[in-house]
Amino acid sequence: MSTLTNPSSGTGVVSWLKVLTDRLTGAELAQTGKQLLLPMVGILIFLGFWHLAAPQVNTSLGTFPGPAQVWEQSGQLWQEHVNQRERADKFVTMQEERNARILADNPGAEVKIRGYPGAPTFLDQVVTSLITVLAGFFLATVIAVPLGIVFGLNHYFQAAVNPLIQIFKPVSPLAWLPLVTMVVSATYVSDDPMFEKSFLTSMITVTLCSLWPTLINTSVGVAAVNPDLLNVSRVLRLSFWTHVRKVVLPSSVPMIFTGLRVSLGIAWMVLIAAEMLAQSPGLGKFVWDEFQNGSSQSLSRIMAAVLAIGFIGFLLDRIMQVIQKQIAWNE
Amino acid sequence: MTKLHLELTGVEMAFDTPKGSFIALDNINLKIKKGEFVSLIGHSGCGKSTVLNIVAGLLQATKGGCILDGHEINSPGPERAVVFQNHALMPWLTVYENVELAVQQVFRKTMEKQERQDWIQHNLELVNMAHAANKRPGEISGGMAQRVGIARALAMKPSVLLMDEPFGALDALTRAQLQDSLMDIQQDLNNTVIMITHDVDEAVLLSDRIIMMTNGPAAAVGEDLYIDLQRPRNRVALANDPTYVRYRQEVLKFLYEKQRKLESIAPRRANKAAEASTERNTGITARF
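Chains P and C are the protein sequences, given in the same order.
So in the numbering used here, spot 140 of the first sequence is number 378, and the numbers just go up one at a time.
So in the numbering used here, spot 145 of the second sequence is number 227, and the numbers just go up one at a time.
Where hints are given, some of them may not hold.
Heads up, simulated DSBU-like pairs for lysine-lysine below, C-alpha to C-alpha not over 35 Å straight-line [claimed, not checked]:
hint	chain 1	residue 1	chain 2	residue 2
1	C	K239	C	K113
2	C	K113	P	K563
3	C	K217	P	K272
4	C	K217	P	K563
A few chain C residues that don't get close to chain P, going by computed Cβ distances all over 10 Å [said to hold, decoys possible]:
hint	residue
5	A96
6	V164
7	N168
8	M172
9	A184
10	Q187
11	A302
12	G304
13	L307
14	R342
Just so you know, these hints were derived from the structure itself, not from any lab.
Owing to the predicted nature of the structure, the values given are computational and were not obtained by experimental measurement.
We treat Cβ as the ideally placed atom computed from N, Cα and C, and that holds for glycine.
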């Protein structure tokens, strides 16, 4: 059964993936036709290997899931999401009807509107993770690009800060997390918090770990502006701000984007770890919960999450690439 | 033509190196009149670029000074526009935007928007580059990019146009074409031009005056040759003109007899390219 379903499911995923990348990169269909075959062969061989090897691995939760089980569980996760949405819709309509009735009886009555109390589904977790990673990445960018420009413009500053960068850059998110957690719970005290504490903890951890590549690349890009262009700027007597805006920044855009893409990749990796440890909602928590759950389906569901994490990471990088093509002058 | 315009007095340039102070230029004295086309010629590493950078204000002389129209030069400015060897156009801006950046900066207070647009267009037409206004420097040839570099410099309405081996990176045909254009433009605008060159023919063809520099370290003005040839000049007609040939020989004699480099020719030629590039990048010139 699985030998029949695997190839078809494999090609389904591949072609969908290619269509998506086509739309994203705007590449010619004819070219991708040529490039389609080899990746397809690679994925098929991988699926076959996985299918054969998985049953050999025995764990306390049964054998390691093969592609078929993972595919099945992916469908299951989707179904759960659909069901949960239906229940949520029902809940909302019921609540609205009840509130309408109460208001009809007594127009002055205060009606309560409660959120649907059901557990977040896999897709909800994906959305939460995406929001967290983008918030953390955005914060990292907002910090790293201006700082990188300052360091790149002033080599005294650069020399002073360089050792700090080199020391903080390799720190694992897991090491930051306890500190961030304590600091956030101590400083972010509010009766009506705008953000969940766990969200802030994950986001700040992501920021701390992902800002370094952008910072370093920006400062290198800024320091490496063609000396002739700097002389043009001096001959034109551009003011400091015009110089930064019209010469330094555009000149370093390609380097900044290289940094941003590395940063986003790191941000996504770090986020999963941070969510697992911080127990903040998201894909990391989903994986951890399934692991703790320990049912016979857990491994398949975790594997489905692993694939989803990889695929989303790939998509994020592609999106950055498209933005880079739009903005950077050397593309 | 006769008014004293630009004056260099006792210019000395010393660079700090790990091995101590290095004197690149020693006591350079020059008086240049308005509208004069002056070439600086000399072997690689003799400090030609240093002289140009001092006039541009990109370098500060350690002794002596430079006066333009009664004002001392101590910083760069658009009235001393520079044409760089490798065009130095912003690769992310189009041809039009590159000229616009300069015009915007220099004339934003004195010209209306429409006036500025016309002025940019006029300068692009002057160098025959109006057709490529919306192209990026990466999409046009080196010769075309150099034309735009010249247009950008001219658009600043400089009182002195400084050119650092402007045609050095171009092939011979493109170079001849650009030299002709430059002569035409110079005929119209009557700018003061200081041009660095390695090319004897280029120097004699274009200049009113050739300043020949001695070899460094401590380079100085060796000979000062006035080229009294009728303008407009035609390169083909001049090729056999006895006066032209005599000027040419004088420069060659200076370069290859009086200031002959001590090493043999072969390694020097190999060094020349590398030398020229370090010269541009560091401004430290005299090496031999």
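Unmet hints by their number, sorted upward, for this structure: Violated hints: 2, 6, 7, 8, 9 and 10; rest satisfied.
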